[in-house]
Amino acid sequence: MTAISNAPSATVVLNGEIDIATAPAIRRFLMAAISRGDVHLAVDMSGVTFIDAAGIDVLVVAANRAREAGGGLSLRAPSRQVRRLLGVLDLDAVLPAAQRSAGPLAAVNAA
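Position one of the sequence shown corresponds to residue 1 (the working numbering), numbered consecutively onward.
Check before you lean on any hint, since a few could be wrong.
Label pairs and their computed distance ranges (CB to CB) [said to hold, decoys possible]:
id, residue 1, residue 2, range
1, 37, 61, 16 to 26 Å
2, 84, 37, 30 to 40 Å
3, 50, 28, 16 to 26 Å
4, 47, 84, 10 to 20 Å
5, 84, 7, 27 to 37 Å
6, 61, 87, 13 to 23 Å
7, 49, 70, 30 to 40 Å
8, 47, 96, 15 to 25 Å
9, 81, 7, 25 to 35 Å
10, 37, 81, 28 to 38 Å
11, 21, 70, 30 to 40 Å
None of these hints come from the bench; they were simulated from the model.
No residue lacks a Cβ here, since even glycine has one placed at the ideal position from N, Cα and C.
Produce the complete structure using the sequences and hints provided.
Written out as structure tokens, the structure reads:
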């Protein structure tokens with residue numbers, strides 16, 4: 001994984017499946033970005049093909065940590081299924097859709 005940051009903002013690009021197998025690496029990556037000072041994160045979900053409860057948990061934990069650090073986390077281009085899942089779980093406010101990129105790209109291949 002590589003990260004290019006412009007603290008306090010960054011865009012993280014996730015691809016593939018975000019599930020119980022990939023969630024730990026994504027969690028470490030997001031927490032490291034926040035610890036480095038990238039507290040305003042936009043997570044580009046356009047390449048995500050699947051997300052399960054472990055993936056949702058990673059995003060919620062990272063969003064909460066970013067807020068505690070004075071920033072926030074938003075989602076860019078979540079699929080219709082992801083938006084529906086967030087609505088069913090009443091997480092729309094916790095994981096809002098981003099209006100635009102928050103900064104440089106940091107690519108993470110989740111699959």
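Hints, one by one, checked against the model:
{"no.": "1", "hint": "37 with 61: 16 to 26 Å", "result": "holds (18 Å)"}
{"no.": "2", "hint": "84 with 37: 30 to 40 Å", "result": "holds (33 Å)"}
{"no.": "3", "hint": "50 with 28: 16 to 26 Å", "result": "holds (20 Å)"}
{"no.": "4", "hint": "47 with 84: 10 to 20 Å", "result": "holds (18 Å)"}
{"no.": "5", "hint": "84 with 7: 27 to 37 Å", "result": "holds (33 Å)"}
{"no.": "6", "hint": "61 with 87: 13 to 23 Å", "result": "holds (20 Å)"}
{"no.": "7", "hint": "49 with 70: 30 to 40 Å", "result": "holds (33 Å)"}
{"no.": "8", "hint": "47 with 96: 15 to 25 Å", "result": "holds (20 Å)"}
{"no.": "9", "hint": "81 with 7: 25 to 35 Å", "result": "holds (32 Å)"}
{"no.": "10", "hint": "37 with 81: 28 to 38 Å", "result": "holds (33 Å)"}
{"no.": "11", "hint": "21 with 70: 30 to 40 Å", "result": "holds (32 Å)"}
When each numbered hint is compared with the structure, no violation occurs for any of them.
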